[in-house]
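*Asks:* These protein sequences, in sequence, are chains A and B. If you're matching positions, the first sequence starts at 1496 in this note's numbering and goes up one per residue. If you're matching positions, the second sequence starts at 338 in this note's numbering and goes up one per residue.
One or more of the hints may lead you astray.
Derived coverage of chain A by chain B (criterion: at least 3 residues anywhere in the stretch with Cβ under 8 angstroms from a Cβ of chain B; other residues may be distant) [unchecked claim]:
no.: 1; segment: 1519–1525
no.: 2; segment: 1536–1549
no.: 3; segment: 1637–1649
no.: 4; segment: 1704–1717
no.: 5; segment: 1742–1754
In silico BS3-like links for lysine-lysine, alpha-carbon gap of 25 angstroms or less [what the hints assert, rightly or not]:
no.: 6; chain 1: B; residue 1: 494; chain 2: A; residue 2: 2030
no.: 7; chain 1: B; residue 1: 415; chain 2: A; residue 2: 1950
no.: 8; chain 1: A; residue 1: 1737; chain 2: B; residue 2: 439
no.: 9; chain 1: A; residue 1: 1959; chain 2: B; residue 2: 494
no.: 10; chain 1: A; residue 1: 1680; chain 2: B; residue 2: 367
no.: 11; chain 1: B; residue 1: 367; chain 2: A; residue 2: 1737
no.: 12; chain 1: B; residue 1: 439; chain 2: A; residue 2: 1789
no.: 13; chain 1: A; residue 1: 1737; chain 2: A; residue 2: 1675
no.: 14; chain 1: A; residue 1: 2030; chain 2: B; residue 2: 439
no.: 15; chain 1: A; residue 1: 1564; chain 2: A; residue 2: 1499
no.: 16; chain 1: B; residue 1: 395; chain 2: A; residue 2: 2081
no.: 17; chain 1: B; residue 1: 439; chain 2: A; residue 2: 2050
no.: 18; chain 1: B; residue 1: 494; chain 2: A; residue 2: 1789
no.: 19; chain 1: B; residue 1: 494; chain 2: A; residue 2: 2081
no.: 20; chain 1: A; residue 1: 1789; chain 2: B; residue 2: 415
no.: 21; chain 1: B; residue 1: 368; chain 2: A; residue 2: 2050
no.: 22; chain 1: B; residue 1: 492; chain 2: A; residue 2: 1564
no.: 23; chain 1: B; residue 1: 368; chain 2: A; residue 2: 1950
no.: 24; chain 1: B; residue 1: 377; chain 2: A; residue 2: 1764
no.: 25; chain 1: A; residue 1: 1737; chain 2: B; residue 2: 415
no.: 26; chain 1: B; residue 1: 368; chain 2: A; residue 2: 1740
no.: 27; chain 1: B; residue 1: 367; chain 2: A; residue 2: 2061
no.: 28; chain 1: A; residue 1: 1945; chain 2: B; residue 2: 494
no.: 29; chain 1: A; residue 1: 1764; chain 2: B; residue 2: 395
no.: 30; chain 1: A; residue 1: 2030; chain 2: B; residue 2: 492
no.: 31; chain 1: B; residue 1: 367; chain 2: A; residue 2: 1740
no.: 32; chain 1: A; residue 1: 1566; chain 2: B; residue 2: 492
no.: 33; chain 1: B; residue 1: 367; chain 2: A; residue 2: 1764
no.: 34; chain 1: A; residue 1: 1808; chain 2: B; residue 2: 368
no.: 35; chain 1: A; residue 1: 2050; chain 2: B; residue 2: 492
To be clear, the hints were calculated from the coordinates, so they are not data collected in a lab. Quick caveat: nothing in here was measured; it's all calculated off a predicted structure. Glycine included, every Cβ here is placed at the ideal spot set by N, Cα and C.
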Amino acid sequence: MHEKHLMICGATGCLSSGSHLVEQALVEELEKKGIRDKYRLVMGGCPGFCEVGPIIVIYPDEVFYCRLKPKDMAELVEKHLVDGEIVERLLYKGPDVDMPARFYDTIPFYAKQKFNVLRNSGIIDPESIDEYIMRGGYRAFTRALELEPAAICEEVKQAGLRGRGGAGFSTGLKWEFTNKAPGDKKYVVCNADEGDPGAFMDRSILEGDPHAILEGMLICGRAIGANEGYIYCRAEYPLAIKRLKLAIENAEAYGLLGENILGYGFNFKINIKEGAGAFVCGEETALLASIEGKRGMPRPRPPFPAQSGLFGKPTTINNVETLANIPLIVKEGGAADFARVGTEGSKGTKVFALAGKIRNTGLCEVPMGITIKEIIYDVGGGIKGGREFKAVQAGGPSGGCIPGELIDLPIDYDSLNQAGAIMGSGGLVVMDERTCMVDLARYFLSFTQKESCGKCTPCREGTKRMLEILNRISEGLGIAKDLDTLDSLAESIKDSSLCGLGQTCPNPVLSTIRYFRKEYEEHIDEKFCRAGVCKELFNYRIDEENCTGCTACVKACPTDAIRGEKKEPHEIIQELCTRCGSCLEKCRQECIMITPVGSEADVSN
Amino acid sequence: MSTAVDIKEKVTEEIDLSKVDALIEPFIGKKEMIIPALQKVQDHFGYLPRPAVEQVSKRMRTPLSRLYGVATFYAQFKMKPRGRYIIRVCKGTACHIQGSPKIAERIEDILGLESGETTDDLRFTLEEVACIGACALAPVIMINDDPHGRLTPDKIKDILDGYK
């Protein structure tokens, strides 16, 4: 029997901030004291608060330690584990709390969250099927075995679950189509090809709670009459793949996968397919082609996969987060509980990946219908460095940006569509005044342009032409009619592309033009990038009045473009400056100004 | 999206193909397993040497053109030898707006490489990756399996010096 359980976040975010070194130090410290056996250490799933990683949560005391360093472990062991005192120094501290916060309920980041999909993440050992079962796991599946397949589809429909992968189609309806499609061989496919740059919730679910996905697939298999499933997972997620494989082995050993499951005559097996790095494979028909061993190129629909999918058989394709919701819905009374959260048209919760210039980066799960303001200021803790909120990009390269003036917009499928963005997979990248919207549009388009599979001419050629125009604008060579040309190209690409990639890739351009037209015009007419991003369109200058002559910028400059003696105002030699921004990072007085090329005036504020 | 196929591969003679058959054995006769088969071959060689792909083509009775069609479609497959250390610069949105272009530029300057290229001594290969998923630490690079986060351009030189 273990005295305490120490859950160390072993997800990619915390690993990147060194959680494996913290674990090593902890083990060494415990062994030194000879008390290693009294404690259970788990490199577990993700509690979501990547910003303050590495994180250790100690149960049953429910104490949340963060920003840990290997050298903190001696104190943590000595004080907390041996003496039973909380180490205040290592608790969560921040401008949003008056005193160090002990646990989830006192940390503002968690206050507005509701855990459905992330219910087990960071709480159970993702490599233990027993812990999943102890938390009520596989109960929904055993209930599904008692139900008629059509009744399961109906429950999922009633719950109002919509696909979490992007388009937001009703999951129950999708299942019903496949259930009704004739054929004795059918497939369930889990789309774990999370490719949106800036979204990592699917990875976190796969790494933190792999059995939830297996259970979701089993229930789906039962509902549509399939006996085989595929998980198509990015090869870039090795930990997720490892944990899925282990979960499948364990489920097979428990008789929850395989032949005649639990004696109900239901057979199901799950295969894992590793993707090979192609964004377009997130599109369902391209994904199926890829599983079949072909180039991942989409095909026209109809026939929809529900009629003719994998290997020509009826197939249901669901995203990871969608499947993780299923066990909650199909358990006794689950559908009604699920539908109680959210808005009229968008039920349940949604996991968002908060990133960019926000204080609390990480994963959060919130009820549908929460406003952007609540997510950014209450959950996210506001903008980094106290700067002004400019916009948030929702839905990745297929989505759009939502400007500061729409900060009270509720986040649900329909409101986001109206604003010109999409829910997408749930990436929210927050931007402040140092983000250039032209550059952002250019960034997304260069991504989709590279990832276009090339099948449809409008997408293949059109995105290239749009990118050329945006490149020109950001180099100061924009002309007045560029915006109209962009607009008409965008509409043509949207109308005439076969798949979601082409149909949505102009969104970032359209939405930035819609909300930030002035900024585009400033690039084109005045050849000025106010955000200081497009290198040809601004100069750095030093505000001589505020410069204290600390020489920090002089030392940081890689091209020796900054002159000036100690305690004398410095000066930037424009001919030598490459606008790398190193000085801006180093200046504590914030006296590096962004000014139009050739101008002496301070227009940075 | 795809890498140009270098048809005139000079290293033909040096490729030891003796392991290829065993690697792809489980996939023989299963046309849908082309991608896993190529993944195995690439795991072994670090890239896809043409003679090895020819061998796969023969054993799996699949036209070479089809294999190259698949291999050049996916970003994961590499047609040229790569360095001991693979530097992956994250080009995700969060990294981009936090300055990953400046990080990439500094690495390019120091190593004299463009993305996709390898140094002559096979020490470094520079690549881009859509998103590592460590957005909280943006901007991030990975060198082999080591992530380096919260970077600024002036930290790059010391980091690269750590990989000999």
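*Asks:* Below or equal to 25 angstroms on CA atoms is what counts here, so check residue 1959(A) against residue 494(B).
*Replies:* 34 angstroms, violated
*Asks:* Taking 25 angstroms as the top limit, are the C-alpha atoms of residue 439(B) and residue 1789(A) close enough?
*Replies:* Roughly 37 angstroms between the alpha carbons, so the hint for residue 439(B) and residue 1789(A) is violated.
*Asks:* Below or equal to 25 angstroms on CA atoms is what counts here, so check residue 377(B) against residue 1764(A).
*Replies:* 23 angstroms, holds
*Asks:* Straight-line Cα separation of residue 2030(A) and residue 439(B) no greater than 25 angstroms?
*Replies:* Answer holds: residue 2030(A) to residue 439(B) is near 11 angstroms, not above 25 angstroms.
*Asks:* Can the restraint linking residue 368(B) and residue 1950(A) be considered satisfied, given a maximum Cα separation of 25 angstroms?
*Replies:* 23 angstroms, holds
*Asks:* Given the hinted pair residue 1945(A) and residue 494(B), is their alpha-carbon gap at most 25 angstroms?
*Replies:* Violated, because 29 angstroms separates the two Cα atoms, which is more than 25 angstroms.
*Asks:* Has the given pair, residue 368(B) with residue 1740(A), been kept, meaning a C-alpha gap of at most 25 angstroms?
*Replies:* 23 angstroms, holds
*Asks:* Residue 1737(A) and residue 439(B): Cα distance at most 25 angstroms?
*Replies:* 34 angstroms, violated
*Asks:* Does the alpha-carbon distance linking residue 1680(A) and residue 367(B) stay inside the 25 angstroms limit?
*Replies:* 18 angstroms, holds
*Asks:* Please check whether the segment 1704–1717 of chain A has three or more residues whose CB lies within less than 8 angstroms of a CB on chain B.
*Replies:* n = 0 at 8 angstroms, threshold three: violated.
*Asks:* Take a quick look at whether residue 415(B) and residue 1950(A) sit within 25 angstroms of each other, Cα to Cα.
*Replies:* 22 angstroms, holds
*Asks:* Are the Cα positions of residue 1564(A) and residue 1499(A) separated by 25 angstroms at most?
*Replies:* The hint holds at about 21 angstroms.
The structure does not agree with the numbered hints 1, 3, 4, 5, 8, 9, 12, 13, 16, 18, 21, 27, 28 and 29 stated previously, though it agrees with the rest.
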